[in-house]
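A.B. asks: Respectively, the protein sequence lines represent chains A and B.
Oh and the first sequence: position 361 is 361 in our numbering, straight run, nothing missing.
Oh and the second sequence: position 204 is 204 in our numbering, straight run, nothing missing.
One thing to keep in mind: the hints can contain errors.
Claimed, not checked - Which stretches of chain A does chain B cover? Using the computed rule of at least three CB atoms under 8 Å from a CB of chain B, they are: (1) 323 to 334; (2) 340 to 347; (3) 351 to 363; (4) 369 to 380.
Calculated directly from the structure, the hints in this document are not laboratory data.
C-beta: ideal position from N, C-alpha, C; glycine also.
Chain by chain, the residues:
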Amino acid sequence: MKTHTEEPILLRLEGIRKSFGGVHALQGVDFELRAGEIHALLGENGAGKTTLIKVLGGIHLPDAGSIVIDGREVSMRGVADADRCGIRIIHQELSLAPNLSVAENIYLGREPHRFGLLNRRTMYQRAERLVADLGLDEIRDVRAEVSQLSVAHQQLVEIARALSEQARILVLDEPTSALSEAETEALFAALNRLRSQGVGMIYITHRLEEITRLADRVTVLRDGESIGTQRTAHLDHAQLIRWMVGRDIKDHFHRPTSRASSLALEVNGLRAAKVNGVSFEVRRGEILGIAGLVGSGRSEMARAIFGIDPVQSGQITVDGREVTINSPRDALDAGIVLVPEDRKLQGLVLSQSVTFNTALPWLKDWITGFMPNERKRREIVERAIRTFGIKVADPGQTIDSLSGGNQQKLLVGRWMEHPPKVLILDEPTRGVDVGAREEIFEIIGSLVEGGMAVVLISSDLGEVLNLSNRIAVYRDGRILDRADADRFTLENIMQLLTGAQAA
Amino acid sequence: MTTLKRMLPLIIAIVAMLLVFRIFVPTFLNSGNLLDLAQQISINAILAFGMTLVILACGIDLSVGALLALVGTTTVYFLTTGLTPLGLLLAIPAGLAVAALFGLGNGLCAAKTRMPPFIITLATMLIARGAALRFNEGRPMHVPDSQDVFLALGNGRLFGVVPVPVLVMLILFAVMAILLHRTRFGQHLYAIGGNREAAHFTGIPVVRTEILVYVLCSLMAGIAGMIHASQLYSAEPASGVMFELHAIAAVVVGGTSFTGGRGTMYGTLLGAIIIGILDKGLNQAGVHFSLQYIIKGAVILGAVYIDVRRAK
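Using the sequences and the hints given, assemble the complete structure.
C.D. replies: Okay, structure coming up:
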């Protein structure tokens with residue numbers, strides 16, 4: 001079903017080059033997309049994916065190389081050219097007006113009108129027809145306000161908008177990064193339908209599983225060059241990873257050996273918003289994985305334990321002593337650290353420097369009264385950078401300028417100035433490239449081997465399964481099952497999570 | 001020194017403005033004139049110091065002008081009704097208490113509710129103005145000549161040279177600069193202004209810090225109100241109109257980002273000096289008052305435009 005070799009070639013890129021100042025962002029990219037094909041583009045952050053998209057979208061003018069569409073070379077001199085060629089890009093950050101309806105968003109800026117007045121009826125009719133034609137049943141109600149939709153369905157609105165103007169080439173930039181498993185399924189189903197209608201799609205992702213499941217071919221980009229292309233029918237994972245990082249890395253991730261000893265954290269009958277009576281314990285020197293879908297209340301559980309959301313009832317015990325947690329300060333004093341799920345919204349002060357962000361939790365160590373000790377501050381920052389191998393040219397640079405992986409490593413690493421007893425990691429590898437992901441796993445592993453208790457929350461079930469010593473399966477604010485990790489498989493976790501199991 | 005580098009354009013602007021006004025007003029750079037200038041800057045600068053903290057925390061405080069009038073009237077009320085020698089010891093704490101109370105109200109509303117600071121302080125501005133007008137039926141209250149200590153606050157000169165308001169301003173500047181740039185409170189403030197949510201997740205006492213910011217801002221308005229009443233020899237319940245806007249202008253001209261998290265106390269001092277030079281210079285150069293507004297508006301627009309472009 002995934003062979004489209006006989007389909008015509010929609011788009012061909014040959015030797016695309018682009019540099020900014022002295023930096024070569026793209027240095028020879030070859031790429032080909034057929035009609036009715038999903039062609040995945042894989043590469044670490046900084047490999048040139050974003051630049052390539054911008055070249056396709058007419059935002060950047062390539063320095064060299066040719067763009068051939070339908071066998072004819074085109075010059076992409078601006079966004080209007082890309083539009084004319086039927087190229088539509090769906091960026092990672094959605095660009096919808098949340099207060100408007102689905103139909104209004106689809107026709108935003110091109111509203112049907114009569115005598116200068118908005119013609120709502122026509123707009124809704126057209127939108128309904130479009131959505132039906134595309135088979136996007138999930139957003140059938142085109143009068144619904146976009147803010148009421150799930151993120152996945154909002155993504156479908158973006159897609160509908162893109163395809164409402166004769167798009168033939170759809171570029172999707174990490175569309176599943178904010179989606180739950182169920183939402184991902186819905187999106188994949190929609191993309192499969194579009195494929196069967198002959199739309200060519202360039203699909204950018206970090207996740208190998210998605211490529212296997214969805215794409216027809218995959219091209220790897222590294223350092224601004226296209227390294228190679230494979231058909232997913234006979235995919236060689238090891239080779240893909242080698243292409244991406246330019247070196248061999250150990251087969252995915254390995255579980256740190258458990259040295260579980262005394263209880264570090266004990267949670268008993270915890271109730272809070274979206275948390276309906278949760279009990280579990282974590283020992284020193286082990287990783288407890290929380291397997292749950294997005295929206296299941298697992299982040300809320302972490303927030304309640306950390307004192308962000310109010311606890312309604314239940315006990316939290318750290319190292320055998322019951323603690324009362326009303327604020328993050330209380331949690332930190334009790335020895336609990338939470339690295340939150342949204343790095344940019346909840347983790348970092350983006351406008352400030354690496355130094356500022358790294359030293360922020362430890363103000364007491366370097367400021368007494370009105371005497372800041374810049375030397376001590378520098379030491380704290382340098383220790384974190386050195387210990388966790390964070391790539392920083394100058395600690396004075398804004399943290400915004402670091403890659404996602406380095407930001408994440410810093411968010412974990414900065415707490416290790418005074419290591420906590422319990423470390424709760426919520427989605428520690430979201431939006432992080434493969435290499436950095438590996439490094440984050442190594443950091444977690446070494447912390448656990450040093451005797452820390454880690455609670456790992458992740459949407460990536462493979463990650464939970466491979467990394468955890470014990471697993472708690474979490475659904476609707478409750479723990480359904482918990483046991484040693486060996487007792488679980490991806491299949492039986494999925495069954496529990498989706499409620500597919502009869503008994 | 002990066003701070004100096006960032007302040008350089010402001011310093012250059014100040015020097016340039018002084019030289020330009022020297023052309024139109026030959027006596028502009030005389031020491032007497034410069035001391036007058038410093039005296040005129042002091043009230044706006046003191047208000048702007050407090051406003052800097054609030055704006056850094058992503059807030060705004062529109063109530064400072066009205067609060068300045070209210071604290072002025074409260075203080076003078078206690079001065080005139082109390083026993084003369086004890087009057088001052090009672091009046092100043094009473095004035096500061098009123099200021100702190102308003103700051104507490106603003107801060108609690110801003111930190112604990114989802115009401116926007118613009119609306120909160122718009123409301124407390126009206127409340128403060130109304131409260132000020134309650135005194136003496138809205139008529140000015142004269143400060144008796146016997147209150148020489150209070151009158152010295154606005155009119156005295158240290159060693160017969162340095163105006164007391166300038167001295168107060170410099171002391172408050174030092175206090176606020178140290179508070180902002182050398183204490184944990186200052187770091188908390190930058191973190192909250194940059195990303196409130198992240199600050200909370202880092203264990204920073206967000207609510208307490210925000211309340212303190214508004215209290216400090218109101219206290220600055222209170223001190224400015226006492227100086228103002230002293231300078232006028234009377235408490236004017238209708239005074240201080242638009243003062244909050246001049247303070248905001250000084251803050252933003254000084255390079256503090258209106259979206260919070262970025263800015264310095266040094267910048268605000270220079271911003272207040274720029275606004276002050278402009279005021280005095282245009283006045284002395286005989287520019288029609290209507291034109292003065294237009295020029296000031298243009299300068300603020302230009303300064304902020306340059307700052308925003310540099311930040312990119």
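A.B. asks: Hint by hint, say whether it matches the structure.
C.D. replies: Tested hints:
Figure legend: the region 323 to 334 of chain A, annotated as covered by chain B; annotation consistent (5 residues with Cβ-Cβ distances under 8 Å, at least 3 required). Coverage of the region 340 to 347 of chain A by chain B holds in this model, with 4 residues showing a Cβ closer than 8 Å to a Cβ of that chain against a need of three. Interface restraint, the region 351 to 363 of chain A with chain B: holds (6 residues with C-beta to C-beta distance below 8 Å; minimum three). For a cut-off of 8 Å, the count of residues in the region 369 to 380 of chain A with a CB near a CB of chain B stands at 4, and the three-residue condition holds.
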